[in-house]
Amino acid sequence: MSIVLIIVFFVALVVGAPIAVALGLSSALAIVLFDLPVHVLVQRAVNALDSTPLLAVPLFILAASLLNAMGVTTHIFDLVRLVVGRIRGAVGQVSILVSLIFSGVSGAALADIGALGKIQIDQMVAQGYTRRFGAGITIAAATIGPIFPPSIPLIIYASVTNVSAVQLLVAGIVPALLITALLMAQVAVMARLYDLPRDTVSPSLPAIAKKALVSLPALAAPILLIGGLLSGYFGPTEVAGVTVAYALLIGFLVYRTLTLKAVWESLRETAEATAGILFIVATAAVFAWVLTLDRVPAVAGSFLLGLSDNPLVLLLLVNLLLLVVGMFLESIAAILIIAPIVAPALHAAGVDPLQLGIVFVLNLMIGLLTPPVGMSLYMVSIIAKMPVHSVVRGVLPFFVPLVLSLLVVSAIPAVSTWLPNLLSQ
Amino acid sequence: MNGETDVAGGRALEGVAIGCRVVSMLLLALMCALIVGQVVGRNLFDTGMPWADELARFCGVAIVFLCVPLLALRGQHVAVDMVPMLLPDPARRWVGLFAEILILAFAAIALWGLYAFLGRAWKFASPSLGIPNWVFYSPAIVGFFLLAVISAVRVVGLVRNQPLPQADKVLP
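Chains as they are written, first to last, in our numbering: chain H, 3 to 427; chain Y, 39 to 210.
Pulled out of the complex, with its shape left as it was, chain H reads as follows:
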């Protein structure tokens, strides 16, 4: 049954059918051909969406869209430029830091690229960087977003594997800072090697103070959200709703740049983006059900544990598997299909569930940078108006820090587990 499922899935994928349809049709055919009850198809699909954690998806997309619509991303970008100053390759460093800050309110890599990509690439090109470098750093920095809380993939992973969503979100903080540091180190090396330009800003304390004051309401958002999560005032899904409310509040009352028309436009963007992502989630749930019925998770789990019982070796094997899977499967679909297969076996082998969650999502975020199903590549290609293969060449150097981060997170459990353990004491 699983063979039929996988063959139909790949045929549908290759001919260009939507990923959601490829997943749904392969499951539907398996259900029909193997005489399973056909109603399961829609029941599973609808039940998959009838989930409180998944409500975070549209809410985080809406929050990022509103913050972008009111222009706060430009304020934050200008402030970080002033703080970083005129070092060589400054705008590259600024792009990484702004991505880190924005990831504190946005939960998805594609939302980060949508909000920041144009500003970052345009600014770099204006200062004499190649468009390819701008695209590369933008796309690489966007991997920070889904690792730093809040994060849509981490919330979905937590709901699939029954891990505490709050603990998993907190577990992402140190790895996200590690990725930021390694990406910045890479830019520093490239700045020396390729003689990247210095920024044209004239930083001064009054200028920084003035810009910081303007940016303060937006900068306060990540603190409010992470503080609210840790204090228990609201759960991971509610945090997304509160972000939307906060964005509306500062947009209408503080910045006064938000209009009803912009809110309507954000609702439109969000509804469409949500449908695109969650339709995949719905059909991936049916696909995962068929795999489970065919005992694929149990067989794969036994196979994995038969290869080794060393947690590090198993994690490295899963890394290899996920890097390949990430090239062909959309990240949320991959979480829904692969996590239930590998997580129980790795938990049984002694891999910390929080560490596995971070390794899992980081792998899939690197998968967003690899063709053929590299959604970030396509998005940056549209924003930067350049062909996908040029974007791939731009991002290639940044695989070094990203893969290095992945290896560190895989080899050292404390990178992911230290902070949540500390806070839960």
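Everything labelled a hint here was simulated from the structure, so no lab data went into it.
Partial chain H-side listing against chain Y, Cβ under 10 angstroms, derived:
no. : residue
1   : Val16
2   : Pro20
3   : Val34
4   : Val40
5   : Gly237
6   : Glu240
7   : Gly243
8   : Ala277
9   : Phe281
10  : Val283
11  : Phe330
Estimated spans, in silico, between C-beta atoms of each pair:
no. : chain 1 : residue 1 : chain 2 : residue 2 : range
12  : H       : Gly130    : Y       : Val197    : 43 to 53 angstroms
13  : H       : Thr132    : Y       : Asp127    : 29 to 39 angstroms
14  : H       : Pro389    : Y       : Trp132    : 19 to 29 angstroms
15  : Y       : Gly79     : H       : Thr294    : 36 to 46 angstroms
16  : Y       : Ala50     : H       : Leu409    : 54 to 64 angstroms
17  : H       : Ile414    : Y       : Val194    : 56 to 66 angstroms
Quantities reported herein were computed from a predicted structural model and do not represent experimental measurements.
The C-beta atom is built at its ideal place from N, Cα and C for all residues, glycine as well.
Start from chain H and add chain Y according to the hints.
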């Protein structure tokens, strides 16, 4: 996939699909209000609203299924078009036709599944608000029905070799 509406009924379908999207936008706004309302109610007024969670989840389901048809009409579902794009024009058209037939087949089986499920479970209701299944599943019915119609219209368009206009040209 490309947008395809220059066929019989194409404009009417656009209108219906856009109408569904507007409903889903309103449900999104309602969902936000419900989630924030729960936080405010619990933390400020010590009031729980268990029904709000159920209604918010219904909104979450409806947002997806009501927007799926428009995305299909505009060819905006996430797809891997690397292989079709490498093909010469006539072959690309045939592959596109095959992809549309796959969508139609999926929508048809999903509608069959809905018929089989709601035929026996239409009146069972949700625990908090008592929403009957036929209401809870109605966005899925609308979504899959429109998806089937849209893919059928696109199949006809491709068979008749009609032009494939871009999304921004076919939508208001």
